[in-house]
Amino acid sequence: MSEAADPVSPEGPGGTMDHLDEMTCLLYAERQLDRARAQAVSAHTQDCAACRTLLRALDRESRLLTRAMLEEDEPLPARLAEFQERARKSFGWIWGVVFGLAATGVYALYTTFIEPAQVRLEAAGFGGTSLLSLLVFQGAFWKGWQSVITLLEVLAMVTVAGFGLVIFRKRLRRGSALALVLASLCAALTLPFPAGATEFRKAQTAEVRQEETIKGDIYLSGERIRIEGTVDGDVYAAGKDIDIDGHVTGDVISGCQAMRVRGRVDGNVRAAGNNGIISGAVGRSVTWFGDSVTVDSTGKVGGTVSMFGGNLSVDGQISRDILFFGNGVSVNGTVLGGISERGESLFIASTGQVGGRIQFKGEHEANVASGAKLASPVEFTQREHKSEYTSGHYYIWRIIWTAAFILLGLVLFLLLPKFASEAVTAGERVGAPLGLGLLVLPGVLIAAILACITVVGIPLGLLTLGLWWLAINCAEIVVGTVVGNWIFGRTTDTWGLIGRMAAGLVIVRIVYTPIAPLHVIGKLVALGIWMWGMGAISLALYKRVQPKVSSSSMGVPVAAA
Amino acid sequence: MSVPGMSETTEAVARARAGDADAWGELYRDYAPAIFRFCRRALPTREDAEDATMDIFMKLRDKLSQYDETRSFSAWLYRVAANHCWDILRRRKIRQDKETEDVEDVPLEHPDPSQLDKLIEQKTSEEVRQALHKLGARARMALVLRYYSDMSYDEIADELGVRRAFVGVVLLRARHELRQALEGKSALAAGGTL
Numbered sequence: 001m002s003e004a005a006d007p008v009s010p011e012g013p014g015g016t017m018d019h020l021d022e023m024t025c026l027l028y029a030e031r032q033l034d035r036a037r038a039q040a041v042s043a044h045t046q047d048c049a050a051c052r053t054l055l056r057a058l059d060r061e062s063r064l065l066t067r068a069m070l071e072e073d074e075p076l077p078a079r080l081a082e083f084q085e086r087a088r089k090s091f092g093w094i095w096g097v098v099f100g101l102a103a104t105g106v107y108a109l110y111t112t113f114i115e116p117a118q119v120r121l122e123a124a125g126f127g128g129t130s131l132l133s134l135l136v137f138q139g140a141f142w143k144g145w146q147s148v149i150t151l152l153e154v155l156a157m158v159t160v161a162g163f164g165l166v167i168f169r170k171r172l173r174r175g176s177a178l179a180l181v182l183a184s185l186c187a188a189l190t191l192p193f194p195a196g197a198t199e200f201r202k203a204q205t206a207e208v209r210q211e212e213t214i215k216g217d218i219y220l221s222g223e224r225i226r227i228e229g230t231v232d233g234d235v236y237a238a239g240k241d242i243d244i245d246g247h248v249t250g251d252v253i254s255g256c257q258a259m260r261v262r263g264r265v266d267g268n269v270r271a272a273g274n275n276g277i278i279s280g281a282v283g284r285s286v287t288w289f290g291d292s293v294t295v296d297s298t299g300k301v302g303g304t305v306s307m308f309g310g311n312l313s314v315d316g317q318i319s320r321d322i323l324f325f326g327n328g329v330s331v332n333g334t335v336l337g338g339i340s341e342r343g344e345s346l347f348i349a350s351t352g353q354v355g356g357r358i359q360f361k362g363e364h365e366a367n368v369a370s371g372a373k374l375a376s377p378v379e380f381t382q383r384e385h386k387s388e389y390t391s392g393h394y395y396i397w398r399i400i401w402t403a404a405f406i407l408l409g410l411v412l413f414l415l416l417p418k419f420a421s422e423a424v425t426a427g428e429r430v431g432a433p434l435g436l437g438l439l440v441l442p443g444v445l446i447a448a449i450l451a452c453i454t455v456v457g458i459p460l461g462l463l464t465l466g467l468w469w470l471a472i473n474c475a476e477i478v479v480g481t482v483v484g485n486w487i488f489g490r491t492t493d494t495w496g497l498i499g500r501m502a503a504g505l506v507i508v509r510i511v512y513t514p515i516a517p518l519h520v521i522g523k524l525v526a527l528g529i530w531m532w533g534m535g536a537i538s539l540a541l542y543k544r545v546q547p548k549v550s551s552s553s554m555g556v557p558v559a560a561a
Numbered sequence: 001m002s003v004p005g006m007s008e009t010t011e012a013v014a015r016a017r018a019g020d021a022d023a024w025g026e027l028y029r030d031y032a033p034a035i036f037r038f039c040r041r042a043l044p045t046r047e048d049a050e051d052a053t054m055d056i057f058m059k060l061r062d063k064l065s066q067y068d069e070t071r072s073f074s075a076w077l078y079r080v081a082a083n084h085c086w087d088i089l090r091r092r093k094i095r096q097d098k099e100t101e102d103v104e105d106v107p108l109e110h111p112d113p114s115q116l117d118k119l120i121e122q123k124t125s126e127e128v129r130q131a132l133h134k135l136g137a138r139a140r141m142a143l144v145l146r147y148y149s150d151m152s153y154d155e156i157a158d159e160l161g162v163r164r165a166f167v168g169v170v171l172l173r174a175r176h177e178l179r180q181a182l183e184g185k186s187a188l189a190a191g192g193t194l
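Residue numbers (our numbering), protein chains in the order written: chain A, 1 to 561; chain B, 1 to 194.
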């Protein structure tokens, strides 16, 4: 009941009387007066035509207002119609946190590991490349390292940009966001990329003869490979023994048991193999994965020597640094730059000379002979055997990586929603994917390595290796989604699956974290998750490639004519 | 409170509360047009209304757990929408209407019913909508809450933060402002001589 205004008291029917004020009429029309006052107003309006008309006018005004407001005068704007999808997709702050953590993780990863590694790699002669060269795979497998780094940079930028878009989404209209993406893609694609190789030779003894000059890149494969002539380009070689006595103006990229460089390589030598002996000249850097490398007393390397595994012996000259992860380094010759080693031993003979800083992290202090000429004393760091599981750092990284995996899952689920759903469905059967995973996990890896050995199959092998690696990373995502489905109930909706993936992945990681330090058990559980997820992905792939049988051909009896 | 144009989807609400994304889609499809219209009437610009509609549905995700299922969903949703819109207007400090809760300010004269009738007769819904946007924020909001959302005086009082007894005054003043905007005659708005 309104106390706003007392209606002017009706003084009786007919005759001279005051009229009702508008406030009273309105409250009466809106049924807001108490019973007694409403009755008084009602009685008054029966005799007062003016008040009756006012009441009717107010009532009409109310109806006009309601009609004007309820009329559907404009359709739902397109932006809001699209928002229906976004409203379903919104996971609010959770995604903000995931994006934030992932961006932090990628940035931390980049600044902690990638950037310093990139500096070292650049020093080791790995030039720039572009996103496009990565996309087309360009053929040169070692050059892929740089591409991986570029990819990480791109991912870091995309993640940070994504995070920015989430934060500033209200200020960005769709057109400007699209323009931003297109401009970024164009910028990435316009970066320069190198040309590919042209010639292939495969034989028991594949060779470039002394009088021969090859213009452009060459692929060589065979038990024995000999280069006595000139190659005006890069050499890609795979074989048991490789001898380079001639002149290569580009890079030598190889997989071998033993390699001897007695001639001249103007570019880089990048190889995976047992033994490498450099008696000639390498204009730029040497990168070696394998047992041993010897730079002979006549040997000269114009750049850096980076070695992963085994022993490095320097009797000749290295113009820049040594970057070493492996067993031991022995310096009898000259290193004009510094040495950075993580290994078992470092020996510098009395004839040895090192022009830069020497950093050695290992078990025992470096053995430096009295006559050795060093620019500065060896900086030795005792290697600590501390369990990573006891440090808080480990758990922070676990959280960051979990966010990164969720982000990867989000991207994959959005890119391939149907396939993701099929993989998750396949994963729910547990037994079959585990069994298949047991075969696929090592099988694909072996096949990829075998393909890489036959030089011609390198692109295919690398592609397979890349897919295998991607599948390993996706395995945990699939398993996480299956667990999420078990806990929160099944769904076929993409965003429902994404939500379950995120929750399931977190649960799997929480459960796995205390298991991980239990050495064998931890590794077995990880292997089980990989097999399970990979098996599920393989099953989904298998179903995709299986030919579909049309319903008309399925056992429908054909009537005799 | 019944809300015209909005059907109750109790089942969808229950499923949405359980986290079913499809149910969210259904709710959005069913209620977004009405909520957009509500925002369009209550807020000054179309862009404001679009943004507010999106924000209301984002907010809904968090608030749905607070919804009492024994009551009307649409009424509850309108309360959420009204709160949001009124918050926006308050934040922008565009409450330029100078109303006070002084009852004495309310004109008590008897307006000329025939002139009011004539005015209502002449004006179209479109003109009323245009005139609505010329009103002060509180006046407009009061009319929208009452004649679009069909809220009770108690609910309006609660939304606008005024005493229940003052709601009638706010509404009457809003009608006067509207008449003034429609006709451009202060006399009509004053309620004295129509």
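Check each hint, because a few of them may be wrong.
Derived DEER-like restraints, expressed as beta-carbon distance ranges [claimed, not checked]:
1) B:163 / A:78: 18 to 26 Å
2) A:42 / B:59: 38 to 46 Å
3) B:125 / A:78: 19 to 27 Å
Derived from the structure by calculation, the hints contain no laboratory data. Glycine included, every Cβ here is placed at the ideal spot set by N, Cα and C.
Here's how the hints hold up against the structure:
Separation of residue 163 of chain B from residue 78 of chain A is about 43 Å and departs from the stated range, judged on CB atoms against 18 to 26 Å. Between residue 42 of chain A and residue 59 of chain B the beta carbons are some 44 Å apart, a value that agrees with the proposed interval 38 to 46 Å. The hinted range of 19 to 27 Å is satisfied by residue 125 of chain B and residue 78 of chain A, whose Cβ atoms lie roughly 24 Å apart.
Checked against the numbered hints above, the structure violates only hint 1.
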